[in-house]
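S.K.: Work out the full structure, taking the sequences as your base and the hints as a guide.
As given, the protein sequences belong to chains L and X, one line each in that order.
Take 7 as the starting number for the first sequence in my numbering and just add one per residue.
Take 219 as the starting number for the second sequence in my numbering and just add one per residue.
Think of the hints as simulated: they come from the structure by calculation, not from any bench.
Where is the CB? At the ideal position from N, CA and C, for every residue including glycine.
Treat each hint with caution, since some may be false.
Estimated spans, in silico, between C-beta atoms of each pair [stated by the list, open to error]:
#: 1; chain 1: X; residue 1: Lys-359; chain 2: L; residue 2: Leu-139; range: 17 to 23 angstroms
#: 2; chain 1: L; residue 1: Arg-35; chain 2: X; residue 2: Leu-658; range: 40 to 46 angstroms
#: 3; chain 1: X; residue 1: Arg-276; chain 2: L; residue 2: Glu-142; range: 18 to 24 angstroms
#: 4; chain 1: X; residue 1: Arg-529; chain 2: L; residue 2: Lys-601; range: 34 to 40 angstroms
#: 5; chain 1: L; residue 1: Pro-550; chain 2: X; residue 2: Leu-535; range: 52 to 58 angstroms
#: 6; chain 1: X; residue 1: Glu-648; chain 2: L; residue 2: Arg-86; range: 52 to 58 angstroms
#: 7; chain 1: L; residue 1: Pro-550; chain 2: X; residue 2: Glu-648; range: 36 to 42 angstroms
#: 8; chain 1: L; residue 1: Ser-385; chain 2: X; residue 2: Glu-648; range: 33 to 39 angstroms
Covered stretches of chain L, going by a simulated chain X footprint (3 or more residues, C-beta under 8 angstroms) [stated by the list, open to error]:
#: 9; stretch: 129-142
#: 10; stretch: 160-174
#: 11; stretch: 356-362
#: 12; stretch: 494-507
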Amino acid sequence: MEIRTILAADVGSTTTKAILLEYHGQGYRLRGRAAAPTTVEKPFLDVMIGLKNAMSRLANETGRPLLDGDRLVVPGTSSRGADLFLATSSAGGGLQMLVTGLVRNLTAESAQRAALGAGAIVMDVISMDDARLVVERIQRVRELRPDMILFTGGTDEGLPSHVGAVAEYLAAASPEPRFGSGFRLPVIYAGNVHAREFVASTLGDCMLLSFVENIRPTLEKEVLQPAREEIHRVFLEHVMAQAPGYQTLLDWTGGHLQPTPMAVGKMVQQVAAYLDTDVVALDIGGATTDVFSVASGRFHRTVSANLGMSYSLGNVLKEASLDRVQSWLPFYISEGDLRNWYSNKVIRPTTLPETMDELLLEHAAARDALRLSFEHHNSLAVTLKGVRQRRTADRVFDQTSTGQPLVDMREVGAVIGSGGVLSHAPRRAQAALLLLDALAPVGVCRLFVDSVFMLPQLGALLDLRPKEALDTLWQECLIPLGTVLAPAGTGRPGQSIARVSMPGQELDLVFGQMALVPLGPGEEMELEVIPRSGWDAGRGRKQPFRVNVSGGEVGLILDGRGRPLELPKDPALRRRALVDWWLAMHAYPESALRKYAGREVV
Amino acid sequence: MTENLMVRTMEKARVSRQRRLPLPGDVLVSAGSTVEPSTIVARTDLLPGAPYFVDVMRALMVPREKAGPDLMDLVMTVQVGDQVTGGDIIARYTKGFLGEVVVVKSPVTGVVEFISRLHGRVLIREDGRSARPVVVVSAAKQLDVWPRMLRTYAHCREGDEVKQGQILAAAPSPLGWDCAYAPVSGVVEKICTRTGAITIVRPARPTEVDAYIRGEVTAVNPGDSAEVSTAAAYIEGLFGLGGEAYGPLARVAGPDRVLEAADILPSHEGCVVFGGALASLEAMNRALEVKATGLISGGINHLDVVKLLGREVMVGLTGQEELPLTVVITGGFGVMPMSQRAYNLLCAYEGAIASVNGRTQIRAGAVRPEVIIPLGEGISPDLPDADVQVARAGGELVPGAMVRITRLTHFGQYGRVVSVLGSRVRLETEISLYTVDVELLDGTVVTVAENNVEVVC
Numbered sequence: 007m008e009i010r011t012i013l014a015a016d017v018g019s020t021t022t023k024a025i026l027l028e029y030h031g032q033g034y035r036l037r038g039r040a041a042a043p044t045t046v047e048k049p050f051l052d053v054m055i056g057l058k059n060a061m062s063r064l065a066n067e068t069g070r071p072l073l074d075g076d077r078l079v080v081p082g083t084s085s086r087g088a089d090l091f092l093a094t095s096s097a098g099g100g101l102q103m104l105v106t107g108l109v110r111n112l113t114a115e116s117a118q119r120a121a122l123g124a125g126a127i128v129m130d131v132i133s134m135d136d137a138r139l140v141v142e143r144i145q146r147v148r149e150l151r152p153d154m155i156l157f158t159g160g161t162d163e164g165l166p167s168h169v170g171a172v173a174e175y176l177a178a179a180s181p182e183p184r185f186g187s188g189f190r191l192p193v194i195y196a197g198n199v200h201a202r203e204f205v206a207s208t209l210g211d212c213m214l215l216s217f218v219e220n221i222r223p224t225l226e227k228e229v230l231q232p233a234r235e236e237i238h239r240v241f242l243e244h245v246m247a248q249a250p251g252y253q254t255l256l257d258w259t260g261g262h263l264q265p266t267p268m269a270v271g272k273m274v275q276q277v278a279a280y281l282d283t284d285v286v287a288l289d290i291g292g293a294t295t296d297v298f299s300v301a302s303g304r305f306h307r308t309v310s311a312n313l314g315m316s317y318s319l320g321n322v323l324k325e326a327s328l329d330r331v332q333s334w335l336p337f338y339i340s341e342g343d344l345r346n347w348y349s350n351k352v353i354r355p356t357t358l359p360e361t362m363d364e365l366l367l368e369h370a371a372a373r374d375a376l377r378l379s380f381e382h383h384n385s386l387a388v389t390l391k392g393v394r395q396r397r398t399a400d401r402v403f404d405q406t407s408t409g410q411p412l413v414d415m416r417e418v419g420a421v422i423g424s425g426g427v428l429s430h431a432p433r434r435a436q437a438a439l440l441l442l443d444a445l446a447p448v449g450v451c452r453l454f455v456d457s458v459f460m461l462p463q464l465g466a467l468l469d470l471r472p473k474e475a476l477d478t479l480w481q482e483c484l485i486p487l488g489t490v491l492a493p494a495g496t497g498r499p500g501q502s503i504a505r506v507s508m509p510g511q512e513l514d515l516v517f518g519q520m521a522l523v524p525l526g527p528g529e530e531m532e533l534e535v536i537p538r539s540g541w542d543a544g545r546g547r548k549q550p551f552r553v554n555v556s557g558g559e560v561g562l563i564l565d566g567r568g569r570p571l572e573l574p575k576d577p578a579l580r581r582r583a584l585v586d587w588w589l590a591m592h593a594y595p596e597s598a599l600r601k602y603a604g605r606e607v608v
Numbered sequence: 219m220t221e222n223l224m225v226r227t228m229e230k231a232r233v234s235r236q237r238r239l240p241l242p243g244d245v246l247v248s249a250g251s252t253v254e255p256s257t258i259v260a261r262t263d264l265l266p267g268a269p270y271f272v273d274v275m276r277a278l279m280v281p282r283e284k285a286g287p288d289l290m291d292l293v294m295t296v297q298v299g300d301q302v303t304g305g306d307i308i309a310r311y312t313k314g315f316l317g318e319v320v321v322v323k324s325p326v327t328g329v330v331e332f333i334s335r336l337h338g339r340v341l342i343r344e345d346g347r348s349a350r351p352v353v354v355v356s357a358a359k360q361l362d363v364w365p366r367m368l369r370t371y372a373h374c375r376e377g378d379e380v381k382q383g384q385i386l387a388a389a390p391s392p393l394g395w396d397c398a399y400a401p402v403s404g405v406v407e408k409i410c411t412r413t414g415a416i417t418i419v420r421p422a423r424p425t426e427v428d429a430y431i432r433g434e435v436t437a438v439n440p441g442d443s444a445e446v447s448t449a450a451a452y453i454e455g456l457f458g459l460g461g462e463a464y465g466p467l468a469r470v471a472g473p474d475r476v477l478e479a480a481d482i483l484p485s486h487e488g489c490v491v492f493g494g495a496l497a498s499l500e501a502m503n504r505a506l507e508v509k510a511t512g513l514i515s516g517g518i519n520h521l522d523v524v525k526l527l528g529r530e531v532m533v534g535l536t537g538q539e540e541l542p543l544t545v546v547i548t549g550g551f552g553v554m555p556m557s558q559r560a561y562n563l564l565c566a567y568e569g570a571i572a573s574v575n576g577r578t579q580i581r582a583g584a585v586r587p588e589v590i591i592p593l594g595e596g597i598s599p600d601l602p603d604a605d606v607q608v609a610r611a612g613g614e615l616v617p618g619a620m621v622r623i624t625r626l627t628h629f630g631q632y633g634r635v636v637s638v639l640g641s642r643v644r645l646e647t648e649i650s651l652y653t654v655d656v657e658l659l660d661g662t663v664v665t666v667a668e669n670n671v672e673v674v675c
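M.R.: And the structure:
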């Protein structure tokens, strides 16, 4: 059947978003978007109420009725309904999982990566080397009420008895599932294959047990995909079927329902495959920030549950320190005023910035929330720990330990930003600066921003209509901001760090400065970069290269601030530097920036 | 339009509070009885049941290599969920050529909670009703050390307060360290170098639950809880500190000036004081000094909260502070004049007993601080329930509505909506937002984003 209209919904913790895509000969175009509060919690306890509200609003906006009473019009006609309906969900805190392993840094960490990659929030990690007492562990498992448990532990060569001990803890705790009564909690066993029999005899009666390949068959090998696929199957067949109203939603979608982060993760992997480079994507919300990465072909996702722009703002300040956040402001604000401002944002999370000072305060916090989330991601997306390493004599002075971050910013060719503070920034250059300041990419890197947070819906569409999903991704969803060239190194202000040649222009990139070269969306340009001594523009120290760069709504950004990115320590110099960078980037209204530059520094 | 929940002020509402014991005990009131805030409605003398691990394989002296699930199945005489009394046999093993019978007895009365067939250990959860006030830990035996050397290995001294799970003593073993843990919280009474035992005395304090509000007992769950209900004036705050408290209301300042230390007098001891657009640090310290039980004000400085508590505080989750003064803030952070309606309501009941709670939880299932002023009237079924959160409908932001501005410019100021623009307006930040024109109390008309005003009701 020809699909001309696609209705896609994302049921978030606070808001249910619906979009309508229509076929226009060349692909699908966004016809409209609407949102309504999610109704999965009390007093409504039915996700369908919020979804129908969002659909009604979408129908009003587009002039195309989608519902016939309580029934969704699928397939649609030329003037009403939609030909395909699909949905993603992170409501009620999303998919909440408990993971267990034998050793925190080995199997438990692999289990955590598998669960996070499948779009889950990891509520706790239980391992045999846990510092908590056995009683405390059992008590904790009993209190948690997860949606499911990913039970791992041991290599296939190891002793099964230790894994059996973890099974005993789980049986003793006998945790209740979050939704549904009289329903057995799903447990996915992905541990030592020789312990399966004991695990089945211990847990088989009280839990819904399924077996997949060992997540860590040997210390040197990590197999995450079977566990992730099983998580998705159990999520659809058991967990979602118990959540209030989700059975109807599953029926409406014909089973095309998946966890929001999983859908986003699929799209991020598609972007990496299409651009043939490592990719980092960040989605900053009010309470949490998700970070996705595809590095050397491996996909990872983490969620920083306490870093966000409203509810979690207090934690951002606590973790980043007030001084650090304050250093991103071009004006003086006392500690007391700063604390009051951010605290008011926490207790009134839906208020929006009206003045430049407020906008800059939000952006200052966003920089640190993104940076901390990325640091958290780098602490989990690491090379396997405990792996035996062979070194020859020539490596005696160059020994690296296991557990190194997988994401190397030199190899990252694209960064994607999503979430209100990035997608709805008044100028795209602001989003570009937030990503640059938080992630500090090195070398040549493209920047994108998700226009209206469509990635989840497109991720859901990907399974059914891959070509259409990708077309819509590039045409409607991802807005190219441009490309950044950022050499790594440190120097003195005013010192030339690289010679950059482009058609009809040749310039010196100077340390401590930023420059913007106009290069619109769809345009390309060949650059020749000759780094100065001691500087690395992505291909090694002092290694010249030629590269084709793509434009975007901001353009080609030449970032001469050096890496690691350090702000001047003197407050007056720092504020002046911020204003200079932002003026060069046309990031904020010039009159406002001039006002800050002329403001007396206290 | 934002879908915020309104900060509510209700002249008359039904308020019900569950008063629950943490452990089974006695409910001391009956349904229909009248209670004062200080009335003890429930009490328990029970101690929380402690978990006891019994190493069955060790007690049976079975070598590790012989121990395993099959042997455990063979020796155990109890199952998970079984009730046992102190001294009951929980495992029995016939060993050797002569058929010597070895038994393991339960050290306490309780329930078998967990049997590790692999590790040969049993967890017995002590029954709170039979919990002994004195607990003896055979530390030297557990560590396999000479009792006379126990003090060398002890990590505590007589008189120390220890928490459940804390290491009492530790000694090196071939595989690392063996530890003796405190099975209960209490005070170390004696470290005996003759028997090798450490004695812990549990604090024998009865747990009592008061009524918190003045009202009528509307439901009783014997042994567990009572529900107290009242017809009351109800004010919801935005941020608070400290737990439940009560006392007569005492006005100490007008609604729109900074509350100073001098405003609070020694006569305010035991009172819930109110007033002011900002509770200064000095005022809060003075309230603590004169032993006022509660303080209601319009605003507070976050830095003052940190200084008052001596640590960083997460704004989104409070109420557990061990502060003898409950603070309820109705406006927010900074100088925030109290809403005239809330202030007038408090003034109208000056001298009446008010119950206050500073507990705040911003995320999931938002909990806001509260002020409850029982009216001393019967509870009519027609009264609105104070706990039912009513989502604000967009239509309420209409010309004539009283609003409070909640963003930096004019933050905390009150005004009346003059007009609601149906289209977006581009602001200084270049963001386009729906806005409203608000006439402030001084007559100035300002344009504010719809998201940044809240209807005051």
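S.K.: Taking the hints in turn, state whether each one holds.
M.R.: These are the hints, each one checked on the structure:
For the hinted restraint 17 to 23 angstroms between Lys-359 (chain X) and Leu-139 (chain L), the CB-CB distance of approximately 19 angstroms keeps it satisfied. For Arg-35 (chain L) paired with Leu-658 (chain X), a C-beta distance near 45 angstroms keeps the hint of 40 to 46 angstroms intact. A hinted range of 18 to 24 angstroms holds for the C-beta pair Arg-276 (chain X) and Glu-142 (chain L), which are about 22 angstroms apart. Between Arg-529 (chain X) and Lys-601 (chain L) the beta carbon distance is about 38 angstroms. The supplied range of 34 to 40 angstroms therefore holds.
In this structure, Pro-550 (chain L) and Leu-535 (chain X) meet the distance hint of 52 to 58 angstroms, their C-beta atoms being roughly 54 angstroms apart. Judged by the Cβ atoms, the range 52 to 58 angstroms given for Glu-648 (chain X) and Arg-86 (chain L) is violated: they are separated by roughly 38 angstroms. Hint check: Pro-550 (chain L) to Glu-648 (chain X), Cβ distance near 40 angstroms, so the stated range 36 to 42 angstroms holds. Checked against the hint of 33 to 39 angstroms, the C-beta distance between Ser-385 (chain L) and Glu-648 (chain X) comes to roughly 37 angstroms, which is consistent with it.
With 4 residues having a Cβ less than 8 angstroms from any Cβ of chain X, the stretch 129-142 of chain L passes the three-residue criterion, so the hint holds. Evaluation of the coverage hint for the stretch 160-174 of chain L: fulfilled, as 4 residues show C-beta separations to chain X shorter than 8 angstroms, against a requirement of three. For the stretch 356-362 of chain L, the assignment as covered by chain X holds, since 7 residues bring a beta-carbon within under 8 angstroms of that chain's beta-carbons and 3 suffice. Given a C-beta distance limit of less than 8 angstroms, the hint that chain X covers the stretch 494-507 of chain L is violated, as 0 residues qualify and 3 are needed.
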